[in-house]
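Quick mapping for you: the protein sequence lines, in order, are chains A and B.
According to our numbering, the residues represented by the first sequence are 1 to 473, in order.
According to our numbering, the residues represented by the second sequence are 1 to 636, in order.
Be aware that one or more of the hints could be misleading.
[Claimed, not checked] Computed cross-link-like contacts, SDA-like style, restricted to lysine to any residue with a CA-CA straight-line distance of at most 25 Å:
(1) Lys167(A) with Gln567(B)
(2) Lys167(A) with Lys429(B)
(3) Lys569(B) with Asn417(A)
(4) Lys168(A) with Gln567(B)
(5) Lys468(A) with Lys429(B)
(6) Lys468(A) with Asp291(B)
(7) Lys523(B) with Ala431(A)
(8) Lys193(A) with Gln405(B)
(9) Lys523(B) with Met433(A)
(10) Lys459(B) with Glu443(B)
(11) Lys94(B) with Asn426(A)
(12) Lys429(B) with Phe466(A)
(13) Lys94(B) with Gly432(A)
(14) Lys579(B) with Glu459(A)
(15) Lys295(B) with Glu459(A)
(16) Lys168(A) with Lys299(B)
(17) Lys468(A) with Lys579(B)
(18) Lys575(B) with Gly432(A)
(19) Lys468(A) with Phe274(B)
(20) Lys412(A) with Glu572(B)
(21) Lys94(B) with Met433(A)
(22) Lys576(B) with Asp460(A)
(23) Lys258(B) with Phe469(A)
(24) Lys94(B) with Asn194(A)
(25) Lys412(A) with Val571(B)
(26) Lys569(B) with Glu459(A)
(27) Lys295(B) with Lys196(A)
(28) Lys196(A) with Tyr563(B)
(29) Lys575(B) with Glu459(A)
(30) Lys344(B) with Gln303(B)
(31) Lys193(A) with Tyr563(B)
(32) Lys487(B) with Met433(A)
(33) Lys523(B) with Asp430(A)
(34) Lys94(B) with Lys412(A)
(35) Lys193(A) with Lys523(B)
(36) Lys299(B) with Phe469(A)
If you are wondering where the hints come from, they were derived from the structure by calculation, not from laboratory data.
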Amino acid sequence: MNQNSTTIAAISTAVSTSGIGIVRMSGKNAIFIADKIYKGKHNKTLSNQKSHTIHYGYIVDNGYIIDEVLIMLMKAPHTFTGEDTIEINCHGGIYVVKRILDILIKNGARPAEPGEFTKRAFLNGRLDLSQAEAVGDLISSQNEYALKSSVSQLKGNIKNKINEIRKKIIYHTAFIESALDDPEHINVDGYGKNLKKEIEKLLEDLYQLLSTCDDGRIIKEGIRTVITGKPNAGKSSLLNSLLGEERAIVTDIAGTTRDVLEEHINIQGISLNIIDTAGIRDTEDIIEKIGVDKTKSYIESADLIIYMVDASTPLDYNDENIFKMIREKKSIILLNKSDLDMIVKKEDIEKKYYELFPAKKEKNNLFDVPVIEISMKTSDGIDEIQKTLRKMFYDGKLSFNDEIYITNVRHKNALQNAYESLKRVNESIDAGMPEDFYSIDLIDAYESLGSITGETIGEDLVNEIFSKFCMGK
Amino acid sequence: MKYSANSVWESKEQYDVVVIGAGHAGCEAALAAARLGFRTIIFTVSVDSIALMPCNPNIGGSSKGHLVREVDALGGEMGKVIDRTFIQSKMLNKSKGPAVHSLRAQADKARYSSTMRQVLENQENLEIKQAEVVNILTENNRVSGIQILSGGIYYAKAVILCTGTYLKARCIYGDVSTYTGPNGLQAANYLTDSLKELGIKMYRFKTGTPARIDKRSVDFSKMEVQFGDEHVIPFSFTTNPDDVQINQVSCWLTYTNKKTHDIIKANLNRSPLFSGMIEGTGPRYCPSIEDKVVKFADKERHQVFIEPEGIDTNEMYIGGMSSSLPEDVQYAMYRTVPGLENVKIVRNAYAIEYDCIDARQLKPTLEFRNIDGLFSGGQFNGSSGYEEAAAQGLIAGINAARKLQGKECIVLDRSEAYIGVLIDDLVTKESHEPYRMMTSRAEYRLLLRQDNADQRLTKIGYEIGLISEERYQNLILKEKLIDEEIKRVSNTYVGTNEQVQILLEKYGSALLSSGTSLAELIKRPELSYDILSLIDNKRPEFPKNISDEISEQVNISIKYEGYIKRQQKQVEQFKKMEKKKIPDNFDYDNVKSLRIEAIQKLKEYRPVSIGQASRISGVSPADISVLLVYLSGISG
Numbered sequence: 001m002n003q004n005s006t007t008i009a010a011i012s013t014a015v016s017t018s019g020i021g022i023v024r025m026s027g028k029n030a031i032f033i034a035d036k037i038y039k040g041k042h043n044k045t046l047s048n049q050k051s052h053t054i055h056y057g058y059i060v061d062n063g064y065i066i067d068e069v070l071i072m073l074m075k076a077p078h079t080f081t082g083e084d085t086i087e088i089n090c091h092g093g094i095y096v097v098k099r100i101l102d103i104l105i106k107n108g109a110r111p112a113e114p115g116e117f118t119k120r121a122f123l124n125g126r127l128d129l130s131q132a133e134a135v136g137d138l139i140s141s142q143n144e145y146a147l148k149s150s151v152s153q154l155k156g157n158i159k160n161k162i163n164e165i166r167k168k169i170i171y172h173t174a175f176i177e178s179a180l181d182d183p184e185h186i187n188v189d190g191y192g193k194n195l196k197k198e199i200e201k202l203l204e205d206l207y208q209l210l211s212t213c214d215d216g217r218i219i220k221e222g223i224r225t226v227i228t229g230k231p232n233a234g235k236s237s238l239l240n241s242l243l244g245e246e247r248a249i250v251t252d253i254a255g256t257t258r259d260v261l262e263e264h265i266n267i268q269g270i271s272l273n274i275i276d277t278a279g280i281r282d283t284e285d286i287i288e289k290i291g292v293d294k295t296k297s298y299i300e301s302a303d304l305i306i307y308m309v310d311a312s313t314p315l316d317y318n319d320e321n322i323f324k325m326i327r328e329k330k331s332i333i334l335l336n337k338s339d340l341d342m343i344v345k346k347e348d349i350e351k352k353y354y355e356l357f358p359a360k361k362e363k364n365n366l367f368d369v370p371v372i373e374i375s376m377k378t379s380d381g382i383d384e385i386q387k388t389l390r391k392m393f394y395d396g397k398l399s400f401n402d403e404i405y406i407t408n409v410r411h412k413n414a415l416q417n418a419y420e421s422l423k424r425v426n427e428s429i430d431a432g433m434p435e436d437f438y439s440i441d442l443i444d445a446y447e448s449l450g451s452i453t454g455e456t457i458g459e460d461l462v463n464e465i466f467s468k469f470c471m472g473k
Numbered sequence: 001m002k003y004s005a006n007s008v009w010e011s012k013e014q015y016d017v018v019v020i021g022a023g024h025a026g027c028e029a030a031l032a033a034a035r036l037g038f039r040t041i042i043f044t045v046s047v048d049s050i051a052l053m054p055c056n057p058n059i060g061g062s063s064k065g066h067l068v069r070e071v072d073a074l075g076g077e078m079g080k081v082i083d084r085t086f087i088q089s090k091m092l093n094k095s096k097g098p099a100v101h102s103l104r105a106q107a108d109k110a111r112y113s114s115t116m117r118q119v120l121e122n123q124e125n126l127e128i129k130q131a132e133v134v135n136i137l138t139e140n141n142r143v144s145g146i147q148i149l150s151g152g153i154y155y156a157k158a159v160i161l162c163t164g165t166y167l168k169a170r171c172i173y174g175d176v177s178t179y180t181g182p183n184g185l186q187a188a189n190y191l192t193d194s195l196k197e198l199g200i201k202m203y204r205f206k207t208g209t210p211a212r213i214d215k216r217s218v219d220f221s222k223m224e225v226q227f228g229d230e231h232v233i234p235f236s237f238t239t240n241p242d243d244v245q246i247n248q249v250s251c252w253l254t255y256t257n258k259k260t261h262d263i264i265k266a267n268l269n270r271s272p273l274f275s276g277m278i279e280g281t282g283p284r285y286c287p288s289i290e291d292k293v294v295k296f297a298d299k300e301r302h303q304v305f306i307e308p309e310g311i312d313t314n315e316m317y318i319g320g321m322s323s324s325l326p327e328d329v330q331y332a333m334y335r336t337v338p339g340l341e342n343v344k345i346v347r348n349a350y351a352i353e354y355d356c357i358d359a360r361q362l363k364p365t366l367e368f369r370n371i372d373g374l375f376s377g378g379q380f381n382g383s384s385g386y387e388e389a390a391a392q393g394l395i396a397g398i399n400a401a402r403k404l405q406g407k408e409c410i411v412l413d414r415s416e417a418y419i420g421v422l423i424d425d426l427v428t429k430e431s432h433e434p435y436r437m438m439t440s441r442a443e444y445r446l447l448l449r450q451d452n453a454d455q456r457l458t459k460i461g462y463e464i465g466l467i468s469e470e471r472y473q474n475l476i477l478k479e480k481l482i483d484e485e486i487k488r489v490s491n492t493y494v495g496t497n498e499q500v501q502i503l504l505e506k507y508g509s510a511l512l513s514s515g516t517s518l519a520e521l522i523k524r525p526e527l528s529y530d531i532l533s534l535i536d537n538k539r540p541e542f543p544k545n546i547s548d549e550i551s552e553q554v555n556i557s558i559k560y561e562g563y564i565k566r567q568q569k570q571v572e573q574f575k576k577m578e579k580k581k582i583p584d585n586f587d588y589d590n591v592k593s594l595r596i597e598a599i600q601k602l603k604e605y606r607p608v609s610i611g612q613a614s615r616i617s618g619v620s621p622a623d624i625s626v627l628l629v630y631l632s633g634i635s636g
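Using the sequences and the accompanying hints, generate a full structural model.
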């Protein structure tokens, strides 16, 4: 079945200043369009090539070379979408990637709608059940339906908070509605005064939630993760070990200085940008000092710190410095066992922490940084790192990759809508409108919040009315 | 009980439509079919019980009043009959917004019933027949007629089931149980088995009614009097308002107390619910007094309304105290209520159990999905209330007729009418209790007002053929006058002259510092279109019988403009999903990405649109997305 006669194209890597960008094109004319703009050696044409091959060459527009590229040629049906697919690996940078997309469109492709590649994959039977569900969610996020995946990402506190707010909203709505349904038994006159106070509180709660939304980080490929520690603590071997576990390397770019290497990896669906830094120690060496300063600034801007401790040598003032630097950050501490005896234990880390920050203990603010013992030699503990990362991510402690951003925008809009609706309730109260007008906006707020937690109204209101208020007859 | 006939005979008459049951659903169904030109016969177990009101003695009430108005706007009968037989009338929620204003009238039960009976008796194309229907006859999943208890067979092209609470009915109080319909009327004991044989899934529901008492045994001096409205507004758009300004009777308010509750609590073990004698599911919205006392134990008292059953009878209804406790407990508990110390019970309170269907077997047209030409309406569909019944009966009657006309059936959606909400809920949502209309069920209630039912539905009624040309032209005129008047007041400016400022001051409204339009002033909560007539020198004269209605429409349209526009926007969104139709023969098994539960539910309900599918419990938003994606793929 191929009802999609048009060929679609989109930038499939995040729009960023990363080293490599991929522009993807799918559809009946994908190869034909690619041939129009591709210039390879010996005038080769892509349409004559075998499926699933890579071709070096240039993208040319009006005789001008735009970029040096690798083109992946994949013919139907064994592609993600089930259609002929071209992937152009070009040099990253917003300008080049967009330019290539423009050229594709000029030559007959159409910009893909959000989720359209996956939609085609689904329609062409290329996705299994669970994948398709998630896809449906993703596509319909424009149709106001809750993203199921987003619901599972929304864990713990925020969900509880939203449910708490919803519970209050439905209670007040049910009271008003029960009075409207049974005015001779239940009186709602003058309820606006009470309600307004309640709404003020709810507005404040919503405002708090809204202020936690972070939409300043649009251009991000993943969670900015910095590996730090004293020199020779085993940072680089950790990075290699993580990369070895996961073969899903997307980009591999040299950092801006020799001292910082950035890797993009994907651990069970969570994207991390890992930056391996120069070891931190007090130094007079100018070159090394630059590296250390750089590291400090990376730590400042990181979403997550992985702090590698060499367990074979005692904690010293360099460790103390690192502790201070990462104190306000989300972090994981790794105790790297070498062949030598473990001198530093989990308890020592905790002890050191309270020694440095006594105030925290008094405030009952306990040390909650995960400490994991690992062995780079036997790879013990790598699993646990992954598990811990996942847990932090799903608990909402880490939340800055692309997917989460989409989710956040939707959540933020929903929160914003709920906020506006509640504000309108107060406006109605102030304007002296009758009580039945309040419930119109109350229900809207309830519904908006429900779209975050993935719940629909259904019979909620009717159930609440009957369970809380005694109806007559 | 399975019916076996001793002698079978065939009626010589040819009918188009058979209606089974002559309650509020059956009456509307039969009238609609007959009025649309189809030869119709209506069966009832007792001609004396046509349009019987076996429970509360009123028509309308919150959201139910809307239904009556809508029935009337489509060309139904209920509104006209209650306008001729009411003995008290009130507009409920008058201090609230126009969306929740709702008419409720106390009926003279006997006169309501006999008036409706006369309408039926004099209706061309309609015959009344007293007989118990025992079988539904089908050929190849198409209805062909019915059989009655005597063995007689009546052939018909369409059959409408409106059996109310009569199927295998059983009335219970204390340890007494009788196999009768309401008021000791004969139950219909055979039809259930015939329906089951046709593969129809049955439920057993329960409801109840309070005692009726002798007016002479009531001390009204201990109660608060409840008057009707000074100015009565009729239900029917065709009734001249002057004709309903009658002398009204009063109702009375009193309360239960601790003594009442103690007696009830002490005797709960004698309740048939307690002993397990009642299996049916009761409604939460009209709980028995025992339910109320148990469930809301912290409430010190409950209201009790004493309402007359009619002009020519001493019987009164004890609103708020339905019960299935034994007779001696009923006496004891009623007599604790102030004013009822010496009360004499004419008819005991009782609970009633009856067979009804799981309405999810119906299309939104109220035709059975699996049996062509078989329709149903009313309490048989799992609803409750006279008004809900009438609304469904009317739609079932209209659609049976349209099917025979070869026309597309009528389905009102949730944004068009309470009737649409009612039927959509019934055929879409799983329900374990009799369904009652509630204003909170209507998402777009600001648009579905009782005052604009004619503007919403009378054109549809006209197209169907139940609204006369004259009535239709009157509506067109009314709408034109409303539109023109809204334009006029929006473009009429008043200055800051003394006359204006005096008026504003009188109503506590801020004085004007510069000129403004009348429409802007109408928007102020303390002012209205009517109030402003004093400073509106060019206000036109409207035809007297619709003058009030026009003023009301102009006032509401301008005053609540912002809210109304917002709901209209929501309706647009809603319509988009309703318009995404799912083909009749859509194969859900083919959509591999749907969850198993969703596939089962969707196959069971066979929703007509994505919108309807989204309201089915057990179908998740993710499933809807998958369906959307899949359907968009099919349509290209």
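Going through the hints against the structure:
| no. | hint | result |
| --- | --- | --- |
| 1 | Lys167(A) with Gln567(B) | 24 Å, holds |
| 2 | Lys167(A) with Lys429(B) | 23 Å, holds |
| 3 | Lys569(B) with Asn417(A) | 15 Å, holds |
| 4 | Lys168(A) with Gln567(B) | 23 Å, holds |
| 5 | Lys468(A) with Lys429(B) | 22 Å, holds |
| 6 | Lys468(A) with Asp291(B) | 14 Å, holds |
| 7 | Lys523(B) with Ala431(A) | 10 Å, holds |
| 8 | Lys193(A) with Gln405(B) | 57 Å, violated |
| 9 | Lys523(B) with Met433(A) | 11 Å, holds |
| 10 | Lys459(B) with Glu443(B) | 23 Å, holds |
| 11 | Lys94(B) with Asn426(A) | 22 Å, holds |
| 12 | Lys429(B) with Phe466(A) | 17 Å, holds |
| 13 | Lys94(B) with Gly432(A) | 15 Å, holds |
| 14 | Lys579(B) with Glu459(A) | 23 Å, holds |
| 15 | Lys295(B) with Glu459(A) | 20 Å, holds |
| 16 | Lys168(A) with Lys299(B) | 22 Å, holds |
| 17 | Lys468(A) with Lys579(B) | 36 Å, violated |
| 18 | Lys575(B) with Gly432(A) | 32 Å, violated |
| 19 | Lys468(A) with Phe274(B) | 23 Å, holds |
| 20 | Lys412(A) with Glu572(B) | 24 Å, holds |
| 21 | Lys94(B) with Met433(A) | 13 Å, holds |
| 22 | Lys576(B) with Asp460(A) | 24 Å, holds |
| 23 | Lys258(B) with Phe469(A) | 19 Å, holds |
| 24 | Lys94(B) with Asn194(A) | 22 Å, holds |
| 25 | Lys412(A) with Val571(B) | 24 Å, holds |
| 26 | Lys569(B) with Glu459(A) | 23 Å, holds |
| 27 | Lys295(B) with Lys196(A) | 30 Å, violated |
| 28 | Lys196(A) with Tyr563(B) | 19 Å, holds |
| 29 | Lys575(B) with Glu459(A) | 21 Å, holds |
| 30 | Lys344(B) with Gln303(B) | 20 Å, holds |
| 31 | Lys193(A) with Tyr563(B) | 21 Å, holds |
| 32 | Lys487(B) with Met433(A) | 24 Å, holds |
| 33 | Lys523(B) with Asp430(A) | 14 Å, holds |
| 34 | Lys94(B) with Lys412(A) | 39 Å, violated |
| 35 | Lys193(A) with Lys523(B) | 22 Å, holds |
| 36 | Lys299(B) with Phe469(A) | 10 Å, holds |
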